[in-house]
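*Asks:* Take a look at the letters that make up each chain.
Number of protein chains: 2
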Amino acid sequence: MNKGVLFLVSGPSGAGKGTVLKNFLPKHPDMFYSISATTRAPRPGEENGVQYYFMTAAEFEKLRMEGGFLESATFCGNSYGTPRAAVMEKLEKGIDVLLEIEVQGALQVMENYPEGIFIFIAPPSMDELRTRLVGRQTEEASVIETRLARAEEEMALAEKYTYIVVNDIAERAAEDLEAILVAEKLRTARRK
Amino acid sequence: MNKGVLFLVSGPSGAGKGTVLKNFLPKHPDMFYSISATTRAPRPGEENGVQYYFMTAAEFEKLRMEGGFLESATFCGNSYGTPRAAVMEKLEKGIDVLLEIEVQGALQVMENYPEGIFIFIAPPSMDELRTRLVGRQTEEASVIETRLARAEEEMALAEKYTYIVVNDIAERAAEDLEAILVAEKLRTARRK
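Chains A and B supply the protein sequences, listed in that same order.
Here the first sequence is numbered in the working numbering, starting from 1 and rising by one per residue.
Here the second sequence is numbered in the working numbering, starting from 1 and rising by one per residue.
I should point out that these hints are in silico values taken from the structure, not numbers from a laboratory.
Any given hint might turn out to be false.
Which copy? The list can't say, so a pair holds if one copy fits it or any two copies do.
As the list claims (entries may be wrong) - Keeping only pairs whose Cα atoms sit at most 27 Å apart, straight-line, the calculated BS3-like set for lysine-lysine is: (1) Lys22 with Lys90; (2) Lys185 with Lys90; (3) Lys93 with Lys22; (4) Lys185 with Lys27; (5) Lys90 with Lys62; (6) Lys185 with Lys160; (7) Lys3 with Lys160; (8) Lys62 with Lys22; (9) Lys27 with Lys3.
Construct all of the structure, not just a fragment, from the sequences and the given hints.
*Replies:* If you want it as structure tokens, here you go:
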């Protein structure tokens with residue numbers, strides 16, 4: 001049996017990873033969409049094992065020290081990470097895995113699982129990214145400027161990925177993702 | 001500007017390369033479908049530069065000695081080859097090139113242009129290949145046996161290709177080819 005393929009989707013905040021995946025995931029109930037672990041408290045309506053695996057800081061740190069995360073990071077005092085065991089188990093069973101991770105985490109996964117397929121979702125332009133972030137109207141101007149500056153740095157890391165998908169229209173970008181999935185499964189190296 | 005990508009489609013006789021391409025090519029008028037040169041005489045209705053570039057044996061041999069072919073071979077006393085210059089010129093201009101070549105020729109292209117994308121069109125099974133070759137009713141039994149024996153040897157070379165597409169249904173196999181084309185153009189290494 002062939003091993004599953006790990007697909008990682010990443011890109012700057014505002015590039016539209018979520019919208020692209022909303023178009024892509026319903027067509028792939030066969031894929032394992034990995035959930036992150038976090039130490040932040042559940043928000044109303046969030047359930048353990050659905051949005052996140054909720055852990056105490058001690059549990060998280062113990063798992064992290066044991067090498068139990070494919071990647072992990074701390075934002076605003078809360079830790080987030082991708083549990084390694086669940087992902088590896090699916091891959092061994094021949095199930096393809098999809099991870100959606102921000103850029104710094106993606107770089108860690110490249111180190112820890114270089115056989116993965118790394119897909120960078122890019123905005124059509126920095127101007128368009130600004131328009132999108134402003135359009136959300138959820139953040140104040142200084143936050144948007146910070147995000148744009150970070151996005152610019154992250155764009156420079158796109159070359160480390162296997163593929164770059166420009167998200168001009170989410171449906172079309174989802175088709176690109178689809179083509180990548182189909183083609184990668186046809187690679188001779190995966191057919192045994 | 002990005003260089004064009006050379007896509008090479010190959011596989012055993014009877015695997016259905018032609019039918020797959022008949023479904024694929026009309027959607028890609030932008031690609032350069034390379035024509036072979038040959039020393040065999042034109043058949044009625046064949047025109048120079050349409051089905052083949054027709055050459056004398058002396059012209060062909062001169063070009064071959066100059067390294068003017070990406071691959072060449074002799075069948076039944078006639079020589080066939082893929083002229084290098086036309087292909088390279090298109091690639092330099094950023095135009096993608098499609099070659100359809102039998103397996104021995106494909107191996108030569110892998111040597112001469114390893115940056116190419118090599119796609120092996122495989123029959124669903126050897127039984128199905130036999131059925132297809134018999135169904136054509138154009139060849140006698142001994143010819144079919146020879147082709148099957150050769151196909152078996154060629155199947156063992158599939159692992160040298162970048163991708164393997166199983167041609168169960170030509171329309172579906174053409175979609176696989178389409179996905180490969182889309183995905184390859186999204187590769188980070190090709191986006192400058």
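*Asks:* Taking 27 Å as the upper bound on the Cα-Cα distance, should lysine 93 and lysine 22 be classified as within, between, both, or neither?
*Replies:* Answer is within: at 25 Å inside a copy they meet the 27 Å cutoff, but 37 Å across does not.
*Asks:* Tell me, please, which holds for lysine 90 and lysine 62 at an alpha-carbon limit of 27 Å: within, between, both or neither?
*Replies:* within (23 Å within a copy, 57 Å between copies)
*Asks:* State whether the alpha carbon distance between lysine 185 and lysine 90 is at most 27 Å within one copy, between copies, both, or neither.
*Replies:* within (16 Å within a copy, 29 Å between copies)
*Asks:* Is it within, between, both or neither when you check lysine 3 against lysine 160 at 27 Å Cα-Cα?
*Replies:* For lysine 3 and lysine 160, the Cα distance is within 27 Å both inside one copy (23 Å) and across copies (20 Å).
*Asks:* At most 27 Å between C-alpha atoms: does lysine 185 with lysine 160 qualify within a copy, between copies, both, or neither?
*Replies:* both (21 Å within a copy, 16 Å between copies)
*Asks:* For the identical chains here, do lysine 27 and lysine 3 meet the 27 Å Cα criterion within one copy, between copies, both, or neither?
*Replies:* within (21 Å within a copy, 33 Å between copies)
*Asks:* With identical chains treated as interchangeable, where does the CA-CA distance between lysine 62 and lysine 22 reach 27 Å or less: within a copy, between copies, both, or neither?
*Replies:* Classified as neither; 33 Å inside a copy, 58 Å across copies.
*Asks:* One pair to classify: lysine 185 and lysine 27, alpha carbons no more than 27 Å apart. Within, between, both, or neither?
*Replies:* both (16 Å within a copy, 23 Å between copies)
*Asks:* From the Cα coordinates, with 27 Å as the cut-off, is the pair lysine 22 and lysine 90 best called within, between, both, or neither?
*Replies:* within (22 Å within a copy, 38 Å between copies)
Comparing the model with each earlier hint shows a violation of hint 8 alone; every other hint is respected.
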